[in-house]
Amino acid sequence: MTTSEVQVADFQLSPKLLEFQQKVRNYAKDHLGGAAVYDAETEFPREAVEVAGKLGLLRTTVDEEYGGSAMGNLASCVMLEEINAVCVSTGVTISVHNSLVNSLLGKWCSHEQKARWFPKLVTGEWLGAYCLSEAFSGSDAAALRCTAEKQGDHYILNGAKLWITTGSEAQLFVIFARTSEDRVKGISAFVVEGSWDGVSVGKKERKLGLRGSPTTEIVLDNVKVPADCLLDTEGNGFTIALDTLDGGRLGIASQALGIARAAIDMIGEHIASQQDKRGRPSASQPIQWEFADLASDLDAYRFLTWRAATLRDRGIRCSTEAAMAKSCASRLANRAARSAVSLLGLAGATGTNPAERLLRDARITEIYEGATDIQRLVIARGLLA
Amino acid sequence: MTTSEVQVADFQLSPKLLEFQQKVRNYAKDHLGGAAVYDAETEFPREAVEVAGKLGLLRTTVDEEYGGSAMGNLASCVMLEEINAVCVSTGVTISVHNSLVNSLLGKWCSHEQKARWFPKLVTGEWLGAYCLSEAFSGSDAAALRCTAEKQGDHYILNGAKLWITTGSEAQLFVIFARTSEDRVKGISAFVVEGSWDGVSVGKKERKLGLRGSPTTEIVLDNVKVPADCLLDTEGNGFTIALDTLDGGRLGIASQALGIARAAIDMIGEHIASQQDKRGRPSASQPIQWEFADLASDLDAYRFLTWRAATLRDRGIRCSTEAAMAKSCASRLANRAARSAVSLLGLAGATGTNPAERLLRDARITEIYEGATDIQRLVIARGLLA
Amino acid sequence: MHNLQLTEDQDMVVDTVRKLVADAVTPKVQELDEHRGFAREWFDALAELGVYGLSVSEEKGGAGMGMLPFVAALESIGAQSSSLARLWIGQMQAALVLEDTGSDLLDEVAAGDKLVTFAGREHGFTVAGGKLTGKALMVPAAMEADLMIVAATDGDATVLVSVEAGACERSALRGLGLNSAACGAVTCEGVAATVLASGDDASTAIDRAELTAWLGVAGASVGGAFGSIEAAKKHASERIAFGKPLLVQQAVQRKLVECGRAVAAARQLAWHAARVTDLGECARDTAMQARIAAVDAMVLAADESIQIHGGFGYTVEYHVERHYRDGKTLEVLDGGNDSLRDRLAAATFA
Amino acid sequence: MHNLQLTEDQDMVVDTVRKLVADAVTPKVQELDEHRGFAREWFDALAELGVYGLSVSEEKGGAGMGMLPFVAALESIGAQSSSLARLWIGQMQAALVLEDTGSDLLDEVAAGDKLVTFAGREHGFTVAGGKLTGKALMVPAAMEADLMIVAATDGDATVLVSVEAGACERSALRGLGLNSAACGAVTCEGVAATVLASGDDASTAIDRAELTAWLGVAGASVGGAFGSIEAAKKHASERIAFGKPLLVQQAVQRKLVECGRAVAAARQLAWHAARVTDLGECARDTAMQARIAAVDAMVLAADESIQIHGGFGYTVEYHVERHYRDGKTLEVLDGGNDSLRDRLAAATFA
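Chains as they are written, first to last, in our numbering: chain A, 1 to 385; chain B, 1 to 385; chain C, 1 to 350; chain D, 1 to 350.
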């Protein structure tokens, strides 16, 4: 999908995107109030995701031909910032569904494949999961060991995928598995449905944060996958995985912006609430500085994110720009959340206050979909190539 | 002046600005090669500034009616980044001339006043200086003590202005002086010509950097200033000073971006030059990280700067946004220059290498036209208002 | 661990505590934390070692060993359980103010027969007519303590009082960290209080309690930082990526070097402050500096350690997420590092 | 300055140096720096105090006082002149390797009769057939030194040689800092060299020279940081803005508190490394950590001090711009902090 009209003019979103932003903001306000409960109870925000599906938030990266709204990556970024500013567990579910699964299927599937899976994905009847990582392959994704053995008109998949977001709640899994020994060209991508024999949910991770989003192992035990569930061509899986991650990184960058914004808003409210006996602001200068620095970086890194999304919407490769966005925004989210806890003091460290949850949720943004150090190497190589 | 057409679409400069950027880049390459000499000899880059005048670089913020090119603040920012990436002393001279003096006169002068001074300023026949600071009033600008006493059809100015950029080279001085005791409303703005009796250049500062740009005291000893050299109305000087500083800050933000870019480029070249015996890149990962982080922030803070300039071009108040741009860009310039010296090692600390000059030049950007802490308070107040 | 500054006796205490940690704490710390279980067993084990009177003078029945072995021993505890470290710190604060105020509760507290917690000036409690009123958002050990010692004001005067913890309204906190330290919010509305000291005597005792917390938290945080660094080293030497152990990557090494440097500096500050204190001189500024530096180092090390662990670091089994939460929680206690910076400023520029 | 760890004799040395700095260095330091004048007079004054043999053993004719007073005394020098500090460091490096190698040049060097500079491994000099070849981008004191001691390799073997400085091609540098230290680029193309040691003996001596530089630079930088902080305090207490002295602003206080904390920690690391060294144990890692931390603290303090000074800080008269330049210059010497971090990593993860 490419969006040809100008979406950002003079640093302002187009009227269409501003309207969409408001719609999502309303959704977040009305339907994501349970964020603290999802966290405390490690409960999947099922209803919130269902409502998102009804409002069309699960189809922004799908072409209209298949029931999508084709709003593209920039719109997805705008949306994800709003959602993640309120509930990060809902946010990552929608990010993975849109920025990884739907984006990937839209780009690499045949018409027949799209017509088969998108109707269920765009409504949220099905949720998607992206299964690349394994126990022995995190940042070094090409080291994956999961196998796909061709047998007549199908493949037999075996292995286990680790740290799968939405693992226990998804119905459709994009699985990267090894069709030959070649480290990179031996990897192929498949769609596997959760209902098939041999697909099961393994260990569920207990995590620092993001506790409303189930992160699980997905175990593949002699799963019979029809050959028409192979995506693109055999051996092109690693290319697909990396290309998709550019979009995924924009999703996580936006998630990080949302978290940062929530934390910065808390600090701002804290400053505004501190008054001396005569009603004048009494927050210390160092706190105001910290607030100013964080707020400035929030604006700056949002522009980085929007720039990369705009490039991707235009079909221009944006690996360097997406890596800049994710690297900067995710570090900001953590810095902002840590500052919020510090500046709010005791209140910031108790569970009655969102600051400590933001701090716990933020931490994953520097890890998944490419850790910060990987982003930095992508940036350095991209700029010096 | 307002620029109504879209100047930045989807994070790309308009074709007109891209063309202008290339023109300035050529100027910098062809005419600013003496940067190291200006620094070592504390020599004003007179010829380089003259050429700038001929190329129309001293009139970007002046209306066409008065011989300007009316290209506006964004164009000025684009220009100043290019110039400062090569020669900071030339850069600050042009920044003050355009972003402070010309901008101020364009906004606050009568038609008659503009018609009188602009013809000389737009060509560079005259250079302008902005005289706000005094020995006892830096960040606390309203504490200024310079006096302007009305006597019939003229004012008598007395006092001394400190840290005046281009002080010994300028022909036109915008002077802020006290017309009454009121701390803020007692300040008025005047144009004073350097040739008038009683105007003299005092102490010349010996500085860490920016050594090609003379920073001097301007002494006013019973200077008789015709009443028609008062700008706007009596008592409105402080408003004029602060309003002008928004534009000035964009100039310094752009200067800082240029310095940062030069330093980052040096680090990039250093990385590219480090190869093992088989010709493969051998720079350490931490150096690549630092490069990636700096380069990401450069893009991010350039967007902050352009955003504020765009607002100002549209006649929208941009104090908060300009403060964000200056605060972030100036800190980046210093960080980048310090890193360049560190990463280049011994070479970075010797005068045969521009890194140490960048480090010395960069340091002023956090100080003049509003120190970083002042910017931070402006931002905090702006966002929490 | 370089023993340059410890006497043989002091060294033995540190060693004994280290063994207890290895045998009893390490095997259970993650599980206890995850289920928010209280570290009673460990508290009692420390009591058996007799360390709650470690820094109490010999004439008052203590070991008279000063603050240095307290700080040093807290390192090995902090490397595993900040919760337990915090319990000891509270108990030591109590013991030392009871020593200062000549209270006969000292023996029971030093023996660990009573679990005590200390609520400092930052909570702003007040006393009127012998009744304590006020509210503390978070007090470690509050839910399990027998006794609470509270810094308060009575009119214009500073007072130090003790109250039965059971007489206060306490509610358990689901906080960021210190899950095994029974943290609670405490509200007192006219709870009967025993005045331990007032005026200058109270101030002196409260100052000592503060100093004890700063030094203790510094020691515990230095330990927490070491714990995170060790966990990262272990993981990075075992984990293979791109065909080699993570630990051979410059990137990983550099992170660990920087963390190691930060904690080494914080540790020297902490030990210096303890030594100066043990010489009977004032080390309040250095102790505050040490606390800030140590907690910052702990948070930095935990943060980098999580990063080096990658996805594993985000899960509870690898311990480092606990150090991250605990480090940030230690940070905001005792008024918090941010207000300590203001106090340092006040002390320096008064 | 807390004298917790200095003996009376050591204290006296530090005191004597401090007086010299106050009387002779402080009044002229800015002018000398601005005109890139060489600090010969001060170098000779230090010679008269007899401090160049301070850390040389008594049996070799030195004062045998170890590294601690060297580090401590460099603080007061560094607070005023990093150039002079660097000259002393070079002289001390020379004296200690001459002691190690049993050279009869030791007496002249310890007396300060010969000005010596040391060029370390990082320059990659080579020796073949008794001739020294190589190039050093920057060597402090190179332009004025009588003698240069050089770490080099002869084939696969490490060698330590001395050459007449006058026999090398030297060109004065217009560098970032250390303007009064006569820094120069040095090129040798087959300069006749005297071998002082080779093989393990050379390595041991070079190691000692490195350690001396790390400890010395740490001390000097701690002093530089204090110098910047003091300058900022002085300016901020005199300068009025918004009707009050700058120093009452929280913002200014906070900056100074953070700088003070950084330098306090670096200082404890440096002193600890010196003490451990004086006990005859290995403190290389701690010394590297101390050097990195101290130089970083000096640059931070100078940077913040410039900011607190505002426009004044950008001019040469207020001293802090010199500390900023000198701090960055100290940083890149001896291989530079960045490569020291790699060496620390190598030492830790070998």
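Be aware that one or more of the hints could be misleading.
So the derived label-pair ranges between C-beta atoms look like this [said to hold, decoys possible]:
(1) Thr133(C) with Pro15(A): 50 to 60 Å
(2) His35(D) with Thr7(C): 48 to 58 Å
(3) Asp63(B) with Pro281(A): 49 to 59 Å
(4) Arg381(B) with Glu43(A): 34 to 44 Å
(5) Gln274(B) with His35(D): 36 to 46 Å
(6) Val316(D) with Ala143(B): 23 to 33 Å
(7) Gly64(C) with Gln274(B): 57 to 67 Å
(8) Arg174(C) with Ala9(B): 16 to 26 Å
(9) Gly279(A) with Ser14(B): 46 to 56 Å
(10) Val6(A) with Glu269(B): 42 to 52 Å
(11) Gly64(C) with Arg381(B): 33 to 43 Å
(12) Thr133(C) with Ala143(B): 18 to 28 Å
(13) Ser273(B) with Leu279(D): 29 to 39 Å
(14) Gly33(A) with Ser110(B): 50 to 60 Å
When the alpha-carbon atoms are kept at most 30 Å apart in a straight line, the in silico DSS-like pairs for lysine-lysine are as follows [stated by the list, open to error]:
(15) Lys204(B) with Lys131(D)
(16) Lys277(A) with Lys131(C)
(17) Lys28(C) with Lys203(A)
(18) Lys120(B) with Lys16(A)
(19) Lys60(C) with Lys19(C)
(20) Lys204(A) with Lys244(C)
(21) Lys204(B) with Lys234(D)
(22) Lys203(A) with Lys234(C)
(23) Lys120(B) with Lys29(B)
(24) Lys131(D) with Lys203(B)
(25) Lys204(B) with Lys244(D)
(26) Lys277(B) with Lys131(D)
(27) Lys120(A) with Lys203(A)
If we take Cβ atoms under 8 Å as the criterion, some of the chain B residues that face chain A in the derived model are [claimed, not checked]:
(28) Val6
(29) Ala115
(30) Ala227
(31) Cys229
(32) Trp289
(33) Ser296
(34) Thr310
(35) Ala380
Calculated directly from the structure, the hints in this document are not laboratory data. Glycine included, C-beta positions come from ideal geometry on N, C-alpha and C.
Here's how the hints hold up against the structure:
For the hinted restraint 50 to 60 Å between Thr133(C) and Pro15(A), the CB-CB distance of approximately 57 Å keeps it satisfied. Taking 48 to 58 Å as the suggested C-beta distance range, the pair His35(D) and Thr7(C) conforms, at roughly 55 Å. At about 40 Å, the CB distance of Asp63(B) to Pro281(A) disagrees with the hint of 49 to 59 Å. The beta-carbon spacing between Arg381(B) and Glu43(A), approximately 41 Å, falls within the hinted interval of 34 to 44 Å.
In this structure, Gln274(B) and His35(D) meet the distance hint of 36 to 46 Å, their C-beta atoms being roughly 37 Å apart. Between Val316(D) and Ala143(B) the C-beta distance comes to about 25 Å, which sits within the given range of 23 to 33 Å. As the Cβ distance of Gly64(C) to Gln274(B) is approximately 59 Å, the hint placing it in 57 to 67 Å holds. Between Arg174(C) and Ala9(B) the C-beta distance comes to about 49 Å, which lies outside the given range of 16 to 26 Å.
In this structure, Gly279(A) and Ser14(B) meet the distance hint of 46 to 56 Å, their C-beta atoms being roughly 47 Å apart. For Val6(A) and Glu269(B), the hinted distance range of 42 to 52 Å is not satisfied, since their beta carbons lie about 35 Å from each other. For Gly64(C) paired with Arg381(B), a C-beta distance near 55 Å fails the hint of 33 to 43 Å. For Thr133(C) paired with Ala143(B), a C-beta distance near 47 Å fails the hint of 18 to 28 Å.
With their beta carbons about 44 Å apart, Ser273(B) and Leu279(D) fall outside the hinted range of 29 to 39 Å. About 59 Å separates the C-beta atoms of Gly33(A) and Ser110(B), a value consistent with the hinted range of 50 to 60 Å. With a C-alpha separation of about 51 Å, the suggested pairing of Lys204(B) with Lys131(D) is violated against the 30 Å cut-off. A distance of roughly 27 Å separates the Cα atoms of Lys277(A) and Lys131(C); the hinted pair therefore holds under the 30 Å criterion.
Pair hint Lys28(C) plus Lys203(A) holds up; C-alpha atoms about 21 Å apart against a cutoff of 30 Å. With a C-alpha separation of about 47 Å, the suggested pair Lys120(B) and Lys16(A) falls outside the 30 Å cut-off, and the hint is violated. For a cut-off of 30 Å, the pair hint linking Lys60(C) to Lys19(C) stands: about 27 Å separates their Cα positions. Between Lys204(A) and Lys244(C) the alpha-carbon distance is near 28 Å, which keeps this suggested pair within the 30 Å criterion.
A C-alpha spacing of about 24 Å is found between Lys204(B) and Lys234(D), which places the hinted pair at or below 30 Å, so the restraint holds. For a cut-off of 30 Å, the pair hint linking Lys203(A) to Lys234(C) stands: about 23 Å separates their Cα positions. As the CA atoms of Lys120(B) and Lys29(B) are separated by approximately 26 Å, the hinted pair is consistent with the 30 Å bound. This hinted pair does not check out: Lys131(D) and Lys203(B) have alpha carbons roughly 53 Å apart, beyond 30 Å.
Simply put, Lys204(B) and Lys244(D) have alpha-carbon atoms about 28 Å apart, close enough for the 30 Å limit, and the pair holds. The straight-line distance between the Cα atoms of Lys277(B) and Lys131(D) is roughly 27 Å, inside the 30 Å bound, and the hint therefore holds. With a CA separation close to 27 Å, the supplied pair Lys120(A) and Lys203(A) stays within the 30 Å bound. Nearest Cβ of chain A to the Cβ of Val6(B): about 5 Å, under the 8 Å cut. The hint holds.
Checking Ala115(B) against chain A: minimum C-beta separation of about 32 Å lies over 8 Å; hint violated. Taken as an interface hint, Ala227(B) does not check out: its beta carbon lies about 40 Å from the nearest beta carbon of chain A, beyond 8 Å. A cut of 8 Å between beta carbons decides the hint on Cys229(B): the least distance to chain A is about 37 Å, and the hint is violated. At about 4 Å, the closest approach between the beta carbon of Trp289(B) and any beta carbon in chain A falls short of 8 Å, and the interface hint on this residue holds.
Taken as an interface hint, Ser296(B) checks out: its beta carbon lies about 4 Å from the nearest beta carbon of chain A, inside 8 Å. Hint on Thr310(B) holds. Least Cβ distance to chain A is approximately 5 Å, under the 8 Å limit. Here the hint on Ala380(B) is kept, as its CB sits about 4 Å from the closest CB of chain A, short of 8 Å.
The structure is inconsistent with the numbered hints 3, 8, 10, 11, 12, 13, 15, 18, 24, 29, 30 and 31, although it conforms to all the rest.
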